[in-house]
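Participant: Go ahead and model the full structure; you've got the sequences and the hints to work with.
Listed below are the residues making up each chain.
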Amino acid sequence: MRVELTVNGQNKAADVEPRTLLVHLLREDFGMTGTNVGCDTSSCGACTVLLDGESVKSCTVLAAQADGRSVTTIEGLASADGTLHPLQRAFQENHALQCGYCTPGMVMVSMSILAENDTLDEATVREGLEGNLCRCTGYHNIVKAVLAAKEEMGAEL
Amino acid sequence: MTDPVQQEQIIGKRRIRREDPKLLSGENRFADDLVVPGALHLVLVRSPHAHARIQRIDVSAAKSMPGVVEVFSGKDLESEWAGPMPCAWPVTAEMKNPAHYPLAVEYVHYAGEGVVAVVARSQVEAVDAAGAVIVDYEELAPVLELEEAVKDTALAHEDLESNTSFVWALEPNPEAVDAAFRDAAVTVSERFVQQRLIPAAMEPRAMVVVPSPMGGDYTVYSSTQIPHVLRVMLALTAGISETKLRVIAPSVGGGFGSKLDVYAEELLCLALARRMRQPVRFTEERGEGTMATIHGRGQVQHIELAANADGKVTAVRVKLLADMGAYLQLVTPGVPLLGAFLYHGVYDVGAYSFTCTGLFTNKTPTDAYRGAGRPEATYAIERAMDSLARRLELDPAEIRRRNFIAADKFPYESVAGLVFDSGSYHANLEKALDKAGYSDLRREQEQRRAAGNPRRLGIGVSCYVEMCGLAPSRVLASLNYGAGGWEAATVRILPTSKVQVVTGTAPHGQGHETSWSMIVADKLGISPDDVEVLHSDTAIAPYGMDTYGSRSLSVGGTAIYLATERVIEKAMKIAAHQMEVAEEDLEYVGATFRVKGSPEQQLPLAAIAFEAFTAHNLPDGLEPNLEASISWDPPNFTFPNGTHIAVVEIDEETGRVQLVRYIAVDDCGNQINPLIVEGQVHGGITQGVAQALYEEALYDSSGQLLNASLADYLVPSACEMPSFELDSTVTPSPTNPLGVKGVGEAGTIGSAPAVINAVVDALSDLGVTDCPMPATPERVYQLIQQASSK
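Chains as they are written, first to last, in my numbering: chain A, 1 to 157; chain B, 1 to 790.
These aren't lab readings, by the way, just hints derived from the structure by calculation. Positions of the beta carbon are idealized from the N, C-alpha and C atoms, including for glycine. Treat the hints with care, as some may be off.
[As the list claims (entries may be wrong)] Only some residues are given here: those of chain A computed to face chain B with a beta carbon under 8 Å:
(1) G9
(2) K12
(3) L51
(4) L77
(5) T83
(6) L84
(7) Q92
(8) P104
[To be verified] Derived PhoX-like pairs (lysine-lysine); straight-line CA-CA distance at most 25 Å:
(9) A:K12 to B:K96
(10) B:K75 to B:K96
(11) A:K144 to B:K790
[To be verified] Which stretches of chain B does chain A cover? Using the computed rule of at least three CB atoms under 8 Å from a CB of chain A, they are:
(12) 27-41
(13) 200-212
(14) 284-294
(15) 711-724
Facilitator: Structure follows, in structure tokens:
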């Protein structure tokens, strides 16, 4: 079947099997390997992307369900000139990543947390990150990074 | 004569990581991200049984499925192997090591063992075809529990006479141990279980082998911690010349020991690429990875302490049963030995005895998992010290004070035969107690108890010492370890004066590119941004011992430091020649060679680098180029140490344990990049807390892994963890010129006993003296019920 969607502002299309998952569409058909697969039970969140601005685990969304919609992946955050998004910068400045495998998912879910909360505290951030697993950082610096990004971005979101 | 011009200090300053922009923008490539045209996909049919004989394999239906290229059984591939899967640590000469191959041939010995290899044009087609393979098994009785395995009533390997692989003992003074227990005013005897853990690095294992059939060579891309060791082992096992194998570890998404191994799938991809003359790739699904990737821990520990009436420990006696799982993987039998020397912990005890029995079971093989042997040792002694404190009605902090190895005793020759490099154990404890507000916490605990508050407070203390930087190589030889403990480094200054560092370490999240550039830049007086770090590719870095056991900085970082020194020495010769002065009259400050006393006479390093490149005017006999290579074998291990304090709240009505505060004071020697040090401690603590409260590989009575998915195996999320309160002490290690010790495993080693000591402490007024790991709500609730009904 044919799916047409916007990925990071660009129009994309592919012919896929109906059972194709969004994450596989991104990785295999579009060659966008920034979005990672860490499990097969929708538990780890490594594959989190934004679908029409809301964070979803792209392993629980069929490619067909994304037809006609807009997807944002980790590749779409930095500016064209290579400037990191304030959230990406906060992750770097706070050492919120080590191996980096969960990082795309962590960043994308954090985009949602920032967008959905006018004010943020540690407990809210931790709750927001619950569906995303990290084995390296113990979450301490991820939480710090999200709070720092909120501070930095202020009312921007 | 010193000069007022100061070179900027880089070592010891927080520096953000150069690795991050790529990882934060999805630009980097993990093994599964690599696009290889024409690559075939390997999927394995795995044994559903823990122990069985393979009766019949029917692949005819699978072979006719769409996209299937070939289907192989273990028998089909027997001719591919020059030898069985490697174990590099035969701990005793008599050790039993049943031969095993990438695919089972006649018997299977754990659920998840590979039986049939399906190769298809796509992953989806391979998975579909694997479902059509028919295998008939004759089920055999599985051996699952260590205390049963040791009785040999059933055998994990039908052709072995016993489940015992080896017995390894360290008994430096058996008479003294006996005497100490005979004369003891008080003794403690405890049995602890180190449950099996699933490492669960976030990146599932992935690999692709690209052959060049006409050239006869192979490039292996694998999510491995050990590209160098892997190359040697693949060459020996697949019978391919080492010169024809290039191993590259691309971005690797965490390891924690689970990628410190040589795996069946790596050998299969290589052998099938050779056989089919096409690239072959494999990416593990999480649900199979939990069975097919090694597990950690798996021990039953018996620890006894003898002490005098003041609580001074006079002897420690330990007997271990250690679960090897079904087969010996790369360093499986050596894991308990890494703890063998440390069961007396940070305490000055006179007599010591350790015995370990390594046992086969019909479960996934175990191997090194973050800490490897040392978390187990620390857990046993730190739990037992709390038991001793309870017996003597002493505060847990006080019992430790009375037993510490004093700061003025370093270097300290331990009863187990090690020489501890440096430490200030008293200072660690006092700093941690202060930071925690220990006496206030105790007061609050008393108040809650007096008020009958159902939210119980528990405070747990754990003091640890561990051994890192496994070396010198000759000591490893005495332990029968099959490799050395050295590390290689090359530092070269390029014509434009940019610096290239080649390291044999293989980072997978540790930020070596950043830290190694800091070491070199600090020494050379240049910016870290001008230092490139190359690694994890055997064609670029032919020598290396890779990354595990918190060794990379203390061994690999030191090699880089020493190579940098050598480069400066060579540059000094060129500078002296150019400036027509004696070398002794020159000094190197701020990337410049200057005449001592007349700093206006100077030549920058950049000029020397270019001279070394053109070689137009070098001293007689000096080779062109500014480059030095070092292989460094340390004179001793390093011994990181610290005190961790956990504060838990237990809900009496649900049994739920909540970790509310966590204080850690660690001494990892000098710190290169405190930002990275803290990150390592955070992650380490979390993995120890995970063992204490959440994680356990659960098997049913037939040997099925019950929690094989991340939906069932409870890797903690952000909601389960608090923010951490960290501090440090610094006693530089005299073992290396950087004074560093290592920090990758420290957090994991210190944390599990701190948490369980806190759990037991919270319930101690009810008479509870132990809580098995993980301290699940159900377990804790039952402990409370049983204690309350007494």
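Participant: Run every hint past the structure and note whether it holds.
Facilitator: Going through the hints against the structure:
Hint status for G9 of chain A relative to chain B: violated, with the closest Cβ pair at about 15 Å, above 8 Å. The interface hint given for K12 of chain A is broken, as the beta carbon of that residue sits about 16 Å from the closest beta carbon of chain B, more than 8 Å. Using the Cβ-Cβ criterion of 8 Å, the hint placing L51 of chain A at the interface with chain B is not satisfied: the shortest such distance is roughly 17 Å. The criterion of a C-beta within 8 Å of any C-beta in chain B is met by L77 of chain A, whose closest approach is roughly 7 Å, and the hint holds.
Because the closest C-beta pair between T83 of chain A and chain B is about 10 Å apart, greater than 8 Å, the hint is violated. Against a cut-off of 8 Å between C-beta atoms, the interface hint on L84 of chain A holds, since the closest Cβ of chain B lies about 7 Å away. Proximity of Q92 of chain A to chain B holds as hinted, the smallest CB-CB distance being about 4 Å (cut-off 8 Å). For P104 of chain A, the interface hint holds, the least distance from its beta-carbon to any beta-carbon of chain B being 6 Å, beneath 8 Å.
Between K12 of chain A and K96 of chain B the CA atoms are separated by roughly 58 Å; this puts the pair beyond 25 Å, and the hint is violated. Restraint check: the Cα-Cα separation between K75 of chain B and K96 of chain B comes to about 24 Å, which is no more than 25 Å; the hinted pair holds. Proposed proximity of K144 of chain A and K790 of chain B is contradicted: the alpha carbons are some 46 Å apart, above 25 Å. Given as covered by chain A, the segment 27-41 of chain B passes the check, having 7 residues with a CB less than 8 Å from a CB of that chain where 3 are the minimum.
With a threshold of 8 Å between beta carbons, the proposed coverage of the segment 200-212 of chain B by chain A holds, since 5 of its residues qualify and at least three are required. Chain A is given as covering the segment 284-294 of chain B, and this holds because 3 residues of the stretch bring a CB closer than 8 Å to a CB of that chain, at least three being needed. Here the segment 711-724 of chain B counts 8 residues with a CB under 8 Å from a CB of chain A, which clears the bar of 3, and the coverage holds.
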